[in-house]
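Could you put the whole structure together from the sequences, leaning on the hints where they help?
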Amino acid sequence: MDMRTQKLGHMLHKTFTELLALLLTAVVAIGTTGCTGTAGSSPVSTGAAANTETAANMGNTGSTGSTGNTEVAPEITDSGETSEGLNKYTITYLDVFDTVTTLTGWTKDEAAFAAEAGEIHDELLNYHKLYDIYNVYDGMVNLKQVNDAAGGTPVAVGSEIMDLLAWGQQVYTLTGGAVNIAMGAVLTIWHEYREAGIADPSRAELPPMDELKEASAHTDITKMQLDTRAGTVTLTDAQMKLDVGALAKGYATEKVCEAARARGWTHLLVNVGGNVEAVGDKPGGIPWAVGVQNPDNVDDYLKVVNDTDLSVVTSGNYQRYYEVNGVRYHHIIDPKTLMPSEYWDSVTIICADSSLADALSTALFLMDQESGQKLLDSAGKAAEAMWIKDGTITYSSGFAAYLKDT
Amino acid sequence: MDEKKKAAPADLPAAQENAPPGPETSDPEASDTAEKKAAPAGRITLRLTRGDRRLLLLLGGGALLCMLVQTIILGHSPGSMVEITVGGKLVQTVSLSTDRTIQLTGVGGGTNTLVIKNGKADMTEADCPDQICVKHRAVSKKGESIVCLPHQIVVTVTGGEAAEVDAGTQ
Chain F
1 MDMRTQKLGH
11 MLHKTFTELL
21 ALLLTAVVAI
31 GTTGCTGTAG
41 SSPVSTGAAA
51 NTETAANMGN
61 TGSTGSTGNT
71 EVAPEITDSG
81 ETSEGLNKYT
91 ITYLDVFDTV
101 TTLTGWTKDE
111 AAFAAEAGEI
121 HDELLNYHKL
131 YDIYNVYDGM
141 VNLKQVNDAA
151 GGTPVAVGSE
161 IMDLLAWGQQ
171 VYTLTGGAVN
181 IAMGAVLTIW
191 HEYREAGIAD
201 PSRAELPPMD
211 ELKEASAHTD
221 ITKMQLDTRA
231 GTVTLTDAQM
241 KLDVGALAKG
251 YATEKVCEAA
261 RARGWTHLLV
271 NVGGNVEAVG
281 DKPGGIPWAV
291 GVQNPDNVDD
301 YLKVVNDTDL
311 SVVTSGNYQR
321 YYEVNGVRYH
331 HIIDPKTLMP
341 SEYWDSVTII
351 CADSSLADAL
361 STALFLMDQE
371 SGQKLLDSAG
381 KAAEAMWIKD
391 GTITYSSGFA
401 AYLKDT
Chain Y
1001 MDEKKKAAPA
1011 DLPAAQENAP
1021 PGPETSDPEA
1031 SDTAEKKAAP
1041 AGRITLRLTR
1051 GDRRLLLLLG
1061 GGALLCMLVQ
1071 TIILGHSPGS
1081 MVEITVGGKL
1091 VQTVSLSTDR
1101 TIQLTGVGGG
1111 TNTLVIKNGK
1121 ADMTEADCPD
1131 QICVKHRAVS
1141 KKGESIVCLP
1151 HQIVVTVTGG
1161 EAAEVDAGTQ
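Sequences listed follow chains F and Y, in order. In this text, residue positions in the first sequence follow the numbering used here: the first is 1, and each later residue adds one. In this text, residue positions in the second sequence follow the numbering used here: the first is 1001, and each later residue adds one.
Bear in mind the hints are in silico, worked out from the structure with no lab data behind them. Predicted, not measured: the structure shown is a model, and the values here were computed from it. None of the hints are false.
On the chain F side, residues computed to face chain Y include the following (Cβ under 7 angstroms):
1. PRO74
2. THR92
3. VAL100
4. GLY274
5. TRP288
6. ALA289
7. THR314
Pairs of lysine-lysine residues, derived as DSS-like cross-links and limited to a Cα-Cα distance of at most 25 angstroms, are as follows:
8. LYS404/F x LYS381/F
9. LYS303/F x LYS381/F
10. LYS404/F x LYS389/F
11. LYS1141/Y x LYS404/F
12. LYS255/F x LYS381/F
13. LYS1141/Y x LYS303/F
14. LYS336/F x LYS213/F
15. LYS336/F x LYS374/F
16. LYS1117/Y x LYS1135/Y
17. LYS1135/Y x LYS303/F
18. LYS374/F x LYS303/F
19. LYS389/F x LYS1135/Y
20. LYS1141/Y x LYS108/F
21. LYS213/F x LYS223/F
22. LYS389/F x LYS303/F
If you want the ones that stay clear, here's a sample from chain F, every Cβ over 12 angstroms from chain Y, calculated:
23. GLU110
24. ALA112
25. ALA166
26. SER216
27. LYS223
28. GLN225
29. GLN239
30. GLU342
31. ALA352
32. SER371
33. GLN373
34. ASP390
35. THR392
36. ILE393
Backbone N, C-alpha and C define an ideal beta-carbon position, used for all residues, glycine too.
In structure tokens form, the structure reads like this:
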């Protein structure tokens, strides 16, 4: 027995020592991995060419600017989630419409998702370049060239521009002029003052009203003449400027989602800077969950919307703004007052058509609830709205049916 | 008893000599196999192996308990990491479990300060013109991200608890 006890003790001791060594190794290994952040916390630079264009154009209503980046393609994130034999992947692009674009999809494998995301991205990038009013690109005529030719010269454009401008005319009529793509002359002034105010807050100023009024004399949309047969657009007022910021993201999102549905894709969520549209649902018939940000900027989404084949779009006053003497001035300008609209903190629209949802969210942001409801009723397609002001939420009659229980 | 007395002294040195020191110190199961091969009279070895297993179970259970306590106390899964990309290129992957402050340099030379605290990642400072990343809420759930568009910095949570939403509109 002595022998056995001794040996058992010996073996136990050995085992303990081994395990202790193992644990120590593990602890050291974890410690090393955990410390990579500290080790790597020195400044990291990609060495990529400085891209000041993007920075300079930020703060605009969304359709402007160019990236012209030569960065590496962003990586696909595999969430590790699987359902019904499909895997969830996401990818984020920073080079379209001066905003963050996130694509989320459930596909058989990463290659299938990469193919879908690649096609959507190519299409979005093409729309982004066509609707850019700050930069020109090789091999295409875009809105900057249309603006530059203002004064009577017809410019031959492709169907993507012609269709968007025709949509702009329809939206102008539908919204009674609240959304006007010919507002470029006024928006440019606000853009310049906002950029300057953000760059140097101590010298932030409001644009002089007489300057804004002078510019507003050149916002007559009837001076944008579309000749669909000849495929040309003519701006007959030399000082007018098109700015499609209120429409372009939604329009492009709708187009790429329609194309995705036509190709038979079934589980894709497209989010172009908060302009969200679902192609199909999640596996198992589960709707996508789209969070609506709280304008008061607390740590959670205010409401979550169930989304299957729908678009959810929000116009808010809390993302793009600058401050003058402690007062915030956001980027959605009311054509009537030429000042930022003060009706709402945010308006969210649910509608199957993202181009309509985008137009309505801007329009309803610029009017009282009663006028907004009338507009919803006359929009021609089913659309619901959620208005938020000072923490108070108001819904159109059908909105609540889309809310996810939280 | 006799058999055991005879077997024991022969058994012990045999196991110690035959088992290579490498696997024996790094892998208990490997040393277990080595001992079995070296000592066909496996009754004693078997008994000790059971002890080994009990210990492993005990330690494994202890580790699980620690993880559970961490999850409950800190309120997040210890698997949560944040991936930081600049210009689309992955530059760092750090754990959300360790509080730290990270200085980042974006495309064009701009700087951002990312603070990881209490299992959340928050962009607290940036010299970008729009400050959208600084206004953005702290992120902690899988798939959530903070983006500094002017500097092309993307901070994305991977692993851990799934986010309640698939996309946000603002």
